[in-house]
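Peer 1: Each chain, written out:
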Amino acid sequence: MQALTNRVQQVERKKLTFMESLYLPAVIKGMFITFSHIFKKTPTISYPEKTRPFSPVFRGLHVLNRDEEGRENCTACGLCAVACPAEAITMEAAERKVGEEGLYREEKYAARYEINMLRCIFCGLCEEACPKDAIYLSETFAPANFQRKGFIYGKPDLLIPNPVTEPEAYAKAKGGRVSGNKY
Amino acid sequence: MFLSIDTAVIVEKLALVVVVVVASLVIAMYSTYAERKVAAILQDRVGPNRAGPFGILQPLADGLKLFFKEEIIPNFSNKFLFILGPSLAMLTAMMTGAVIPWGDKIHILGRDFSLQIADINIGILYVFGVVSLGVYGIMIGSWASNNKFSLMGGLRAASQIISYELAMGISLIALLMVTGSMSLKTMVVEQQAHWYSWNIVKQPLGFLIFLICAFAECNRTPFDLAEAESELVGGYHTEYSSMKLGFYLFAEYINMFISSTIMICLFFGGYDIPFVNDAALALKTGTNWMALIHLVVLLIKVVCFLFFFMWVRWTIPRFRYDQLMNLGWKILIPLALFNMLVTGAIILLQQNHWHF
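From first to last, the protein sequence lines stand for chains A and B.
Residue 134 in our numbering sits at position 132 of the first sequence, and the numbers go up by one each step.
Residue 967 in our numbering sits at position 244 of the second sequence, and the numbers go up by one each step.
Honestly, I wouldn't trust all of these hints.
What the hints assert, rightly or not - The calculated DSBU-like cross-link candidates involving lysine-lysine, where the alpha carbons are at most 30 Å apart (straight line), are:
{"no.": "1", "chain 1": "B", "residue 1": "Lys925", "chain 2": "A", "residue 2": "Lys31"}
{"no.": "2", "chain 1": "B", "residue 1": "Lys925", "chain 2": "A", "residue 2": "Lys42"}
{"no.": "3", "chain 1": "A", "residue 1": "Lys17", "chain 2": "B", "residue 2": "Lys1053"}
{"no.": "4", "chain 1": "A", "residue 1": "Lys16", "chain 2": "A", "residue 2": "Lys42"}
{"no.": "5", "chain 1": "B", "residue 1": "Lys925", "chain 2": "B", "residue 2": "Lys792"}
{"no.": "6", "chain 1": "B", "residue 1": "Lys802", "chain 2": "A", "residue 2": "Lys52"}
As the list claims (entries may be wrong) - Selected chain A positions facing chain B (Cβ under 10 Å, derived; list incomplete):
{"no.": "7", "residue": "Leu26"}
{"no.": "8", "residue": "Pro27"}
{"no.": "9", "residue": "His39"}
{"no.": "10", "residue": "Pro45"}
{"no.": "11", "residue": "Thr46"}
{"no.": "12", "residue": "Leu66"}
{"no.": "13", "residue": "Thr142"}
Note that these hints are calculated values from the structure, not bench results.
All values derive from a computational prediction rather than experimental measurement.
By construction, the Cβ of each residue, glycine as well, lies at the ideal position given by its N, Cα and C atoms.
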């Protein structure tokens, strides 16, 4: 058959040499190679005791941020919900009452904020859209669950611990992340 | 009672049988664990290490899993034959363990108990006969599955086994010409003299042929075409579940263990400690300790052989069916015949004081 291009390589069909046709030398060579693998290091990580290190920009579970005084950043502006390509975020806004200045940064806050982890594709567009540095994606991933309703994360699951009342938990949840702009 | 039955002998042999059966089962169980660990080590992984420290209880977990699974017997298969298949496979696997010399003898309560269940004078022929019966287990199992793929798988397995039995038999003939006796105990005792009286030195080619045939008889890679998962949907044990499948898999491991032991008794001196004068050592330490040492040495050799089986499994890809048949009939049988002729010639020359 005519070759279509000039880059064609003919397959070599040499007959096996006598040593090759014995198969045994090749088998023994292979067995030595396999044997040498006994002495190599295994790249296995024994999971629950040790975890693989993530990069700091890894897009994992969402975290609702607070500022240094412990006030929630989120103002329920809805930009993250609009930016989300999977329509996973829903929220209800509420007005800040007189005695709640220590809880929320501005007069509008999110009374109910839910992310459906089954819809979320962990793209990070909500993090890029947020003007208040209120939501970012951290270094963990969503654990398994038996029912669908366990995957709808509300504010208690998403809020970062208060830096004033629980500083170590706050520092651990913040991880190695560098803060974005705050208005 | 017209016959005077020596109940002591019956009790002694029964106890020995129970011990050998239980030991075979335990060793087969742990060779499944060893298989997974060896496979993992050869593949840069860590094997099972969660069930108990270092995964030691893994075979128990596997056994329990098989027990708890649902026993499915297909509707239109022959129920008696369906259950008979794995039982036959297991039976023939265990029966071969009856003639293996596990040690010399132990001296308890003033009596000598030999550590071999049956020291018949046709030892190796008995083993050969029982291995030939092992074909029945596979054929009956595949026929009773009422499944054309199982039948094809069983046909292939059966034809593979009987093809390689021939080469095994012929290489055994050469060995028998050298040893002069078929009893395994005599063979082991003869090999205890010097390190160069081990039959591997006298019959290297015979050992190679026997080894390859043992791989084929145990349906072990590279000859595991009949039971590979990607070939014919799992071959002759497609329709089996729960303990019947467990019996087939177990019978394969017991076969492996017994084949290793037989190869060791034939070629590697059985329970002989290499480079050590066994008779002198026996006089120094006493019979019972010597029997224990011999048993431990035999088990160490078996472990090395089992490792070798697994090492080969995880190195070589499996043969295609026609390559397998080609190897069995066109290459191994002529080689075994050649071996036999050369051995015969050398023995005749030796008897004739090296004149022609």
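Peer 1: So, for every hint listed, does it hold in this structure?
Peer 2: Checked hints:
This hinted pair checks out: lysine 925 of chain B and lysine 31 of chain A have alpha carbons roughly 25 Å apart, not beyond 30 Å. Restraint check for lysine 925 of chain B and lysine 42 of chain A: not satisfied, since their Cα atoms lie roughly 37 Å apart, outside the 30 Å limit. At most 30 Å may separate the alpha-carbon atoms for a hinted pair to count; lysine 17 of chain A and lysine 1053 of chain B meet this at roughly 19 Å. Our distance criterion of 30 Å between C-alpha atoms is broken by lysine 16 of chain A and lysine 42 of chain A, whose separation comes to about 35 Å.
Taking the CA atoms of lysine 925 of chain B and lysine 792 of chain B, the gap is about 50 Å. The hint is violated against a cut of 30 Å. Our distance criterion of 30 Å between C-alpha atoms is broken by lysine 802 of chain B and lysine 52 of chain A, whose separation comes to about 51 Å. Because the beta carbon of leucine 26 of chain A sits about 8 Å from the nearest beta carbon in chain B, less than 10 Å, this interface hint is met. The interface hint given for proline 27 of chain A is violated, since its Cβ lies 13 Å from the closest Cβ of chain B, which is over the 10 Å cut-off.
Contact between histidine 39 of chain A and chain B, as hinted, is supported at the beta carbon level, the nearest pair being about 5 Å apart and thus within 10 Å. Because the smallest distance between the Cβ of proline 45 of chain A and any Cβ of chain B comes to about 7 Å, under 10 Å, the interface hint for this residue holds. At a threshold of 10 Å, the smallest CB-CB gap from threonine 46 of chain A to chain B is about 5 Å, leaving the interface hint in force. For leucine 66 of chain A, the interface hint is violated, the least distance from its beta-carbon to any beta-carbon of chain B being 36 Å, above 10 Å.
For threonine 142 of chain A, the suggested interface contact is broken, since its CB lies about 23 Å from the closest CB of chain B, more than 10 Å.
The structure is inconsistent with the numbered hints 2, 4, 5, 6, 8, 12 and 13, although it conforms to all the rest.
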